[in-house]
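Model the full assembly from the supplied sequences, consistent with the hints where possible.
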Amino acid sequence: MFAYYFQLGLRSLRRNPILTALMVMAIGFGVAASMTTYAVFRATSNNPIPEKSSQLFAVQIDNWGPEDTKNGEPSSSLSYTDVIGLMAAHKARRQTAMYPVGPSVIPADAHLLPFNVNSYAVYGDAFPMFDIPFLYGSGWGAAEDDGHAAVVVIARAINDKLFNGANSVGREINIDGRNYRITGVMDSWNPQPLFFDPVNTSGFDDPVDLFIPFTRAIELKMGTAGNNNCNKNSGDGWDAWLHSECIWAQYWVEASSKADADAYLRSLQGYAAEQQRAGRFRWPPNVRLRNVQEWLEFQKVVPPESKISLLVALAFLLICLVNTVGLLLAKFMRRAAEIGVRRALGASRREIYGQFLIEAGTVGLAGGLLGLLLTGLGVVGVSWVFDPKVARLATLDASLVALTLLVAVLATVMAAFYPTWRAAQVQPAWQLKSN
Amino acid sequence: MLKMTHLSKVYRTEVVETYALRDFNIDVKEGEFVAVTGPSGSGKTTFLTIAGLLETFTGGEYHLDGVEVSHLNDNARSKIRNEKIGFIFQAFNLIPDLNVFDNVEVPLRYRGMKAAERKKRIMESLERVGLASRAKHYPAELSGGQQQRVAIARALAGSPRLLLADEPTGNLDTQMARSVMELLEEIHREGATIVMVTHDPELAARAQRNVHVIDGQVVDLAEDPRFHAHVAQVADATHGR
Chain A
1 MFAYYFQLGL RSLRRNPILT ALMVMAIGFG VAASMTTYAV FRATSNNPIP EKSSQLFAVQ
61 IDNWGPEDTK NGEPSSSLSY TDVIGLMAAH KARRQTAMYP VGPSVIPADA HLLPFNVNSY
121 AVYGDAFPMF DIPFLYGSGW GAAEDDGHAA VVVIARAIND KLFNGANSVG REINIDGRNY
181 RITGVMDSWN PQPLFFDPVN TSGFDDPVDL FIPFTRAIEL KMGTAGNNNC NKNSGDGWDA
241 WLHSECIWAQ YWVEASSKAD ADAYLRSLQG YAAEQQRAGR FRWPPNVRLR NVQEWLEFQK
301 VVPPESKISL LVALAFLLIC LVNTVGLLLA KFMRRAAEIG VRRALGASRR EIYGQFLIEA
361 GTVGLAGGLL GLLLTGLGVV GVSWVFDPKV ARLATLDASL VALTLLVAVL ATVMAAFYPT
421 WRAAQVQPAW QLKSN
Chain B
436 MLKMTHLSKV YRTEVVETYA LRDFNIDVKE GEFVAVTGPS GSGKTTFLTI AGLLETFTGG
496 EYHLDGVEVS HLNDNARSKI RNEKIGFIFQ AFNLIPDLNV FDNVEVPLRY RGMKAAERKK
556 RIMESLERVG LASRAKHYPA ELSGGQQQRV AIARALAGSP RLLLADEPTG NLDTQMARSV
616 MELLEEIHRE GATIVMVTHD PELAARAQRN VHVIDGQVVD LAEDPRFHAH VAQVADATHG
676 R
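Those protein sequence lines, which keep their order, are chains A and B.
For the first sequence, our numbering assigns the number 1 to the initial residue and increments by one for each residue that follows.
For the second sequence, our numbering assigns the number 436 to the initial residue and increments by one for each residue that follows.
It should be emphasised that the hints constitute simulated quantities derived from the structure, not laboratory data.
Accuracy of the hints is not assured; some may be wrong.
Cut-off 20 Å, straight-line C-alpha distance, at most; resulting in silico cross-link-like pairs (SDA-like, lysine to any residue) [said to hold, decoys possible]: (1) B:Lys554 - A:Ala3; (2) B:Lys549 - A:Tyr5; (3) B:Lys554 - A:Tyr5; (4) B:Lys514 - A:Gly354; (5) A:Lys52 - A:Asn291; (6) B:Lys519 - B:Asp655; (7) A:Lys221 - A:Ile106; (8) B:Lys514 - A:Tyr5; (9) A:Lys307 - A:Lys221; (10) B:Lys514 - A:Phe2; (11) B:Lys549 - A:Met1; (12) B:Lys549 - A:Gln7; (13) B:Lys571 - A:Arg15; (14) B:Lys549 - B:Glu559; (15) B:Lys571 - A:Tyr4; (16) B:Lys571 - A:Arg14; (17) A:Lys221 - A:Arg290; (18) B:Lys514 - A:Tyr4; (19) B:Lys571 - A:Arg11; (20) B:Lys555 - B:Gly565; (21) A:Lys161 - A:Asn116; (22) B:Lys519 - B:Lys549; (23) B:Lys554 - A:Met1; (24) B:Lys571 - A:Gln7; (25) A:Lys52 - A:Arg14; (26) B:Lys549 - A:Glu351.
Put into structure tokens, the structure is as follows:
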């Protein structure tokens, strides 16, 4: 019967074309608004590393004390002193400190101009921790970290630009006038949101072009390209700044189980207690360990306008559906005579429900197709409302196409429950008598 | 085939009870052609809609083809309507958006019949009423007589045991009414049980048996003063007195 009812539904689209057009437009616009804003919300609230998001933890240590912290919450970044202390303790399965740097690459090809690269200084553990994919080679190891080695991992785009896509592992690249040996070429890797550094990127930025060893960057006195916050004057010179309480580095650890994470948290508290005993901290241990999702939530990576616009769009969809209820009611009740005849000829109430809900589904499908077109336009135009770095993440992919059609059909079918119930209550005897 | 015993139908509001049928008794045997007559408001159509399971009744018993129907749910009633009863209405009640073929197909669809079988039955029914060539026409493209023939084809397509006709010629001119009546007679001769509600004494006279309904009850004409009063009223109206 589904095919028969669907056929009747298609036929009914042509009946009362103005009423049909109004319903299709109401559903189409409502669904498009919802899906466009959902596309943005989905991109911003995406889990960027689902397979490991519960195993990676951002570390916070309160090195400023209650006078300089908000609501007792430790700062989101760490000082160099704490980075070195935690790295030396090496209590996690894997750990890395990291900070953004802004070096320039000087191509060997004289025809190419030097260019800035979006880079991070990290420890070698970062590559397996963050599941960074490699096209060629790999990251570096502890020996290179310890030896402040002049090694580098570059992105595929940089490899394409400098080496025409060839395997460049073992070759050298000139960064800020110094040569670095390439240990690996990353395949495409651009997790969104940028979970490892929402502090400096707000969660959304261009992909990383290059990684160099943290120890090497410090040795070369590469300052941070991100935020540097100090609660007091750090003094003059690199060494004074480095050993001050200024905070500018992120610190990540990997713990493969809850027990490991708990153990690491205890060691972190132990470290802070040790700092208190040493007189550096004049307050009790105040540390945090947050996994990726908790970290992104804490950093408020999802833009508030994304949530608000999604709620507004859903409210708009609801209004459109309320209108659709009225229009469907008018459409169905105009066919009371037909319902009476069908009931007389053997249609049960269940069959009337089936016919009219499927008919509503065809209206929803038509609305969904219009909604799909409008969602496509909406996704293109979303940069008028949102930060372009966020807007570009909103895409009309296969899952959004399917969701748009599904929402349109389901929402319309739900809107049709009351009109269909009314239609099924038509008393055939009265209807046929009145005819 | 159709037996109602002490059947009643009451419409209740907060302040008043109205009996549409009261102590209504009728027994229609298989293969009979019964005309139900009576003045407007006497309960003829209410009887027909109850007989056709389109409406429930308040009291009494109703056996249709040996089955007591008062306790049947909507699904079971719909199934009986679909399989055992064919309806012919005064207003034809064709679905305007469907062509003749699709209109006749409606009851067969609810029976879950396969497409080939449906097509065979539809074309046989349309041939029987002389409208096979109009299968692709829409109701609006047909005359009243042709529309009623389509309605009869629709009623016949499912091979029902019982045909219920409510003023089947009421909306037709004399010639078309005669042709529709001849068709019903032919269907009856082939073995169908027909119950026809009509105002028209001429049509009623062509049925095997007449049942008269007055004030919601089947009456014996010779003895009921209400019938004589009704006849006098009709005669006055006819002669302009």
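Taking each numbered hint in turn, which are not upheld by the structure, reported in ascending numerical order?
-> 6, 9, 17 and 25
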